[in-house]
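S.K.: Given next are the chains, with one letter for each unit.
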Amino acid sequence: MADERQYCTFFLDGYYFGIDVLKVQEIIRYQEMTRVPLAPPVVHGLINLRGQIVTALDLRRRLEMPDRAATELPVNVVVHTDDGAVSLLVDEIGDVLSVPEKAFERTPETLQGIAQELIRGAYKLENRLLLLLDIGKTLATSAED
Amino acid sequence: MLAQSPQLIENACVLFAIPSVLRNAPTRRSVNDIVREFLLETNENLAQLDLDLVTLEQEPGERETLARVFRTLHTVKGTAGFLGLAKLQSVSHAGENLLSRLRAGDLTFNPEIATALLSVVDAIRKMLASVESTEQEGEGDYSALIQTLEKLTKSAGPPRSRLAPLPNPLPPPAPPPPPAAVAPPVAPPSAPAAPTNSFASEQTLVRPQPFTPVPPPAPIPFSPSAAASEGTKIIPTPAARGLPAPLEGKSPPDSAETRVPAVSDSSIRVDVGLLDKLMTLVGELVLARNQIVQFGTTQEDAGFRNTVQRLNLLTTELQAGVMKTRMQPIGNVWAKFPRLVRDLAVAVGKQVRLDMEGQETELDRSISEAIRDPLTHMVRNAVDHGIELPGSRMAQGKPLEGRLHLRAFHEGGKVIIEITDDGGGIDPIRVRDKAISAKLITPEQAARMSNRELVNLVFLPGFSTADRVTHFSGRGVGMDVVRTNIEKIGGTVDIESVVTRGTTVKMKIPLTLAIIPALTITTAGDRYAIPQVSLLELVRLEGEQVRKSIEQIHGAPVYRLRGNLLPLVYLSRELQVESTRRENGEVNIVVLQADDRQFGLVVDDIHDTEEIVVKPLQKQLKGITVFAGATIMGDGLVALILDVVGLAQRASVISGVRERALTETPATAAEQGGNRQTVLLFATNRGERMAVPLALVARLEEFPRSAVEKVGGQDVVQYRGEILPLLHVGRVLRGARNNTRARKQRTRAATMTDDKVQVVVYIGDKQRVGLVVGRIIDIVEATITTRAPANRPGVLFNAVVQDRVTEFLDIEGIIRKQNGEPRPQGRV
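Protein chains in written order, with the numbering used here: chain F, 1 to 145; chain G, 146 to 973.
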C-alpha cells in the first residue's frame with residue numbers, strides 16, 4: 001500500500017486531474033452563488049456550506065482555460081485550507097483512484113505558463129494521463145490574479 | 146472506473162465526506178487537576194495583587210488591601226508547599242514575612258517595599274509559567290530577591306509582641322522568636338522540594354512542626370472584575386450581581402470573608418471555548434430563525450405563525466443572553482495598567498498618576514482580547530513619550546506629576562475609549578518632517594494636510610517620532626499595528642494633540658462583532674447588507690424630484706438634503722455592476738456616515754433591517770476594501786456586507802490620504818510629474834482664479850446676503866447652530882483688515898453683487914471659517930505639473946490647473962492674517 005496514493009479525480013476542459021484525497025472535505029453539486037464584484041476573475045462567488053461561507057474558485061479560470069458553456073453547471077470540490085474550506089469548481093467529478101507511485105512522472109519542461117506552475121506531474125494510467133494539481137499553489141496565488 | 150453518473154450528483158448533495166477527526170486529536174498536557182486548579186486560581190489572584198500593591202504604594206494605610214495581599218501570598222505559599230514547589234514556597238514565604246510586619250504596623254509601605262513585593266509577584270508568575278509548560282519551577286535563582294525581602298523585614302526591628310493574630314485561615318502565629326532567628330542563613334532555593342518545611346525563617350510565622358498538607362486554601366475573595374485570567378470567565382448569577390465587586394481599595398474587610406462563599410456558590414467558571422462555541426451556535430440559530438420567519442410569512446396557518454413568532458422572540462432573548470455572558474468590563478483589560486504605568490514611570494524617572502473612569506463599561510470578550518495589546522501600547526507611549534520628565538514639567542509650570550486618564554463609555558452603540566495625557570503633545574511639524582524624510586508622504590501631500598491629519602500620520606507603518614529608542618517603545622513599529630488591530634475589529638482610532646498641552650487618543654470600538662443589525666439593499670440584482678451603525682437615514686426620490694433635486698458639480702452628483710449638499714455615490718458604479726433600475730423610476734438614497742463625512746449611497750432597492758451574523762471573508766477576497774464580510778440571509782444565500790468607510794474611500798468621499806500615503810511613493814509621484822489631487826476651483830470677487838484642496842473643504846454653502854450679520858466689525862452667519870465667521874478671500878489677500886476703508890468696500894461690494902454669498906466652509910483645527918468667494922468654478926482632479934513660488938502672502942504656490950495658472954490659497958495663513966496673529970515660528 002505504501003507505494004499507492006489516493007486521488008480525488010475530476011475533469012476540466014477534457015483533461016483529467018487529481019488532487020490528494022485527504023485534502024478534500026466533500027463534493028457538492030452546483031448551487032446558487034453570490035457573486036463578488038471587484039473580486040479577481042478566478043473567484044466565482046460565495047456559497048453557503050451549512051452555515052459556513054465558502055469562496056468558490058473557478059479552476060478553469062485558475063488554469064487559464066476557456067470558460068465552460070453557460071449551460072454546463074460545474075461541481076464544487078470543497079478542500080480544507082488553513083483559512084477554512086474553499087471550493088474548487090470543476091466540470092465533472094471522477095472516482096477516487098488509487099494509483100501506483102511508480103507511474104508518476106514530473107511535468108516535462110515543455111509545459112508552458114500557469115500549467116508548469118500548478119501541475120506537479122502526471123500519473124501514466126493505462127489509457128490516459130492523470131494530472132496532479134498542486135493544491136497549495138492553486139489556492140495561494142489566486143489572490144493576486 | 147471513471148466519472149460517476151451525473152444523476153448521482155444531482156440526487157446526492159454530499160457524495161462523500163472525509164472525517165476530519167483523523168487530522169487533529171489534541172494532546173492535552175498532563176498537568177494534574179490540582180496543579181491546573183492552582184495555576185488558574187493563582188494567575189487570577191496575581192492580577193489583583195499587582196493592582197493591590199500599586200494601591201498600597203499610594204495609600205499605605207489601606208488595611209483591607211494589605212490583608213488581601215497577605216492572604217493571597219499565604220495561599221500561594223501553602224499550596225506551593227503542598228505541591229512540593231520549594232522555590233515558589235520560599236519566595237512567597239519571604240514576601241509573606243515582610244507583609245506580616247507591614248500588617249503589624251512595624252513597617253510602613255514605601256516604594257522600596259512595593260518594588261520588592263512586585264518582584265515577588267513577577268517571580269511567582271515566572272515560576273507558574275514554567276510549571277505550566279514543564280511542570281518544573283524552572284532554573285531561576287531567586288535568592289537575591291529573598292535576601293532583599295529579608296533585609297526589608299529586618300529593617301522593622303524585632304517584631305513587637307502585640308502582633309495581631311492572623312486571620313482565620315492562617316495557623317496561629319508563633320511567639321516572637323529572638324531576633325537572631327529572623328535572619329537565618331537562607332536555605333538555598335534549590336533545596337529539595339520536600340513537603341516538609343526546612344526554612345528556618347518559617348518559624349516567624351508557623352509553629353516548628355512538619356509542614357504537613359496545608360489546610361486547603363481559603364476561598365479567595367473573588368472579584369469578577371479582576372478575573373482577567375486567560376481562558377475562563379466568571380459569570381455571576383443574579384445573586385452575585387447584588388454583591389459589591391471588591392474593587393481596588395474598596396474590598397470588603399476581613400469580616401466579609403463570611404460572605405465569600407456566597408460569591409463562589411453563585412458563580413461558576415466556564416471555559417471560554419465553550420462560550421465561543423455557544424455564540425457560534427446562537428449565530429446559526431439566528432440564521433435559521435431568519436429563514437423560518439421568512440418562510441412563515443408565506444404561510445396561512447395561524448398556529449404556525451404564532452409558533453414562529455414565539456421562536457423569534459425566544460431566539461432574540463437567547464441571543465441577548467449569550468452575548469451578555471461574553472461581556473466583560475473593560476476594567477479587566479485595564480487591571481494591569483496601574484502596575485505597568487508605575488513600573489514604566491519608575492524606570493524612566495517620571496511621575497505619573499493614572500486615573501481610570503468607566504471601568505465597568507462592558508465589551509464582548511473577543512473585543513476585549515483584540516484591544517488589549519493596542520491599549521497597552523498606547524498607555525506605554527503616553528508614559529514614555531507623552532509625559533515629560535519632572536524637570537521639564539516644572540519649567541513649563543505644570544504639576545510635577547503627569548496625569549494619564551483612561552476613560553471608557555458607551556456612545557451610539559459603540560464603546561469609546563480615550564487615553565489622555567497632559568504631556569508634551571505631538572508637534573505636527575515634526576511629524577510632517579519625519580514623514581517626509583522617511584518618504585512616507587511627499588512634501589506636496591504634506592502641504593495640503595491639516596495639523597490634525599499630520600498628527601495622524603503617526604499611524605503610518607514605519608513611523609516613529611521618538612528620537613531615541615527606549616527599552617519600552619519607539620522602535621517605529623506599533624502605531625500602525627495599533628490602527629490595523631483596531632480596524633480589524635471594525636473600530637477607528639484618532640489622535641488629537643495640542644503641543645505642550647497633551648494628547649488624546651480616541652478609539653471607537655464596536656460592542657460586539659458577531660451579530661449586528663443591518664439594512665439589506667439590492668443593486669444589480671445582488672443583495673448587500675449595510676451595518677446599521679453607519680446608517681443615518683433613507684431618502685426616496687420619485688419622478689419630478691429626481692430631476693429637480695439631484696444636481697451635478699462637474700459630473701459629481703450631489704443631492705440637497707435640508708439645504709446641505711450630500712455627495713452621491715452610485716453603488717452600481719463603485720462595484721462595476723449593471724444597475725437594473727429603470728431610468729424613469731425612483732431613486733433610493735441611503736444616507737451614510739463614514740468617519741466624519743456623510744454621503745448618499747444610491748441603490749436599486751431598499752429592504753428590511755435584520756440581525757445578521759458577520760462572517761469574515763477568506764483571503765482570496767481580503768483585498769477588496771468595500772466589503773467588511775459576508776452573511777447568510779433568510780433564504781440561505783450569502784450576501785456581502787458593505788464596508789462603509791472602504792466604500793467612501795473608494796468613491797473618494799473621504800480623504801484617502803493615508804491610503805495614498807501608503808501606496809504612492811515619491812518615485813511614482815515624480816513619474817507622474819507631479820501630484821494628483823482633487824481641488825476646488827473658485828474665483829474671488831475680483832475674478833482671481835484660485836484653488837484649495839477639496840479635502841480641506843467641509844461644505845459649499847450659499848447664504849442670502851441678508852443672513853450676514855456683523856459682530857465687532859466681523860462678518861458672521863448663523864450656521865448649523867453655530868456662529869460662522871466669514872472671511873472675504875479677495876479682501877484679505879489684498880491686505881485689507883477690518884478697518885473703516887474695508888468696511889466701506891464691503892458695503893460697496895454688497896450693493897454691487899447679487900443677493901447671495903458663496904461660502905466655502907473650512908473646518909480647521911480650532912474653528913470653522915466661512916471663506917466668501919466670488920463664485921465656485923469647478924471641482925477637478927488635477928495633476929499639478931508646473932509650480933511656481935507664490936508672489937504674495939496668503940498663497941501657498943502657483944500652479945497650472947486645467948491649462949490656467951491658478952493660485953493655491955493658504956487657508957491657515959489667511960485666517961492667521963485675519964486674526965492678526967504673527968506667522969508661527971518653529972512650533973505650531
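Careful, some of the hints might be misleading.
[Claimed, not checked] With a Cα cut of at most 27 Å, we get these calculated DSS-like pairs of lysine-lysine:
(1) G:LYS559 to G:LYS693
(2) F:LYS124 to F:LYS102
(3) G:LYS469 to G:LYS481
(4) G:LYS579 to G:LYS651
(5) G:LYS469 to G:LYS651
(6) G:LYS559 to G:LYS653
(7) F:LYS137 to G:LYS901
(8) G:LYS422 to F:LYS23
(9) G:LYS481 to G:LYS653
(10) G:LYS767 to F:LYS23
(11) G:LYS855 to G:LYS901
(12) F:LYS23 to F:LYS124
(13) F:LYS23 to G:LYS764
(14) G:LYS559 to G:LYS855
(15) G:LYS693 to G:LYS901
(16) G:LYS764 to F:LYS137
(17) F:LYS23 to F:LYS137
(18) G:LYS760 to F:LYS137
(19) F:LYS23 to G:LYS760
[Unchecked claim] Only part of the chain G face toward chain F is listed, based on derived beta-carbon distances under 7 Å:
(20) ILE179
(21) VAL180
(22) LEU184
(23) LEU185
(24) VAL759
(25) LYS760
(26) GLN763
(27) LYS764
(28) LEU766
(29) ALA775
(30) THR823
(31) ILE960
[As the list claims (entries may be wrong)] Which bits of chain G does chain F cover? Going by a derived footprint, with three or more residues having C-beta under 8 Å, they are:
(32) 718-724
(33) 778-786
I should point out that these hints are in silico values taken from the structure, not numbers from a laboratory.
The structure presented is a predicted model; accordingly, all values stated were derived computationally and were not measured.
Glycine is no exception: its CB is placed at the ideal position from the N, C-alpha and C atoms.
S.K.: Could you run down the list of hints and mark each one as holding or not?
M.R.: Going down the list of hints, with the structure as the test:
1. G:LYS559 to G:LYS693: Violated: G:LYS559 and G:LYS693 sit about 37 Å apart, past 27 Å.
2. F:LYS124 to F:LYS102: holds, 9 Å
3. G:LYS469 to G:LYS481: holds, 24 Å
4. G:LYS579 to G:LYS651: Satisfied, since the Cα-Cα distance of roughly 23 Å is no more than 27 Å.
5. G:LYS469 to G:LYS651: Status holds; Cα separation ~25 Å.
6. G:LYS559 to G:LYS653: Distance ~6 Å between G:LYS559 and G:LYS653 Cα, so the pair holds.
7. F:LYS137 to G:LYS901: Violated - the C-alpha atoms of G:LYS901 and F:LYS137 are around 64 Å apart, more than 27 Å.
8. G:LYS422 to F:LYS23: Between G:LYS422 and F:LYS23 the Cα gap is close to 25 Å, so the pair holds against 27 Å.
9. G:LYS481 to G:LYS653: OK: G:LYS481 and G:LYS653 at ~21 Å, within 27 Å.
10. G:LYS767 to F:LYS23: holds, 23 Å
11. G:LYS855 to G:LYS901: Holds, because 16 Å separates the two Cα atoms, which is no more than 27 Å.
12. F:LYS23 to F:LYS124: holds, 22 Å
13. F:LYS23 to G:LYS764: holds, 18 Å
14. G:LYS559 to G:LYS855: violated, 41 Å
15. G:LYS693 to G:LYS901: Roughly 20 Å between the alpha carbons, so the hint for G:LYS693 and G:LYS901 holds.
16. G:LYS764 to F:LYS137: Measuring from Cα to Cα gives roughly 14 Å; hence the hint holds.
17. F:LYS23 to F:LYS137: Judged against 27 Å, a Cα distance of about 13 Å means the pair holds.
18. G:LYS760 to F:LYS137: holds, 25 Å
19. F:LYS23 to G:LYS760: holds, 23 Å
20. ILE179: violated, 37 Å
21. VAL180: It is violated, given that the least Cβ distance between G:VAL180 and chain F is near 33 Å, above 7 Å.
22. LEU184: Cβ of G:LEU184 sits 30 Å from chain F, so the hint is violated.
23. LEU185: violated, 30 Å
24. VAL759: This interface hint is violated because 10 Å lies over the 7 Å limit.
25. LYS760: With Cβ-Cβ at 5 Å, under 7 Å, it holds.
26. GLN763: holds, 5 Å
27. LYS764: holds, 5 Å
28. LEU766: At about 6 Å, which falls below the 7 Å cut-off, the nearest Cβ of chain F leaves the hint on G:LEU766 intact, so it holds.
29. ALA775: holds, 5 Å
30. THR823: This interface hint is violated because 22 Å lies over the 7 Å limit.
31. ILE960: violated, 41 Å
32. 718-724: holds (count 3)
33. 778-786: Our answer is that it holds, as 5 residues pass the Cβ test (under 8 Å) against chain F, meeting three.
In this structure, the hints that do not hold are numbers 1, 7, 14, 20, 21, 22, 23, 24, 30, 31, in rising order.
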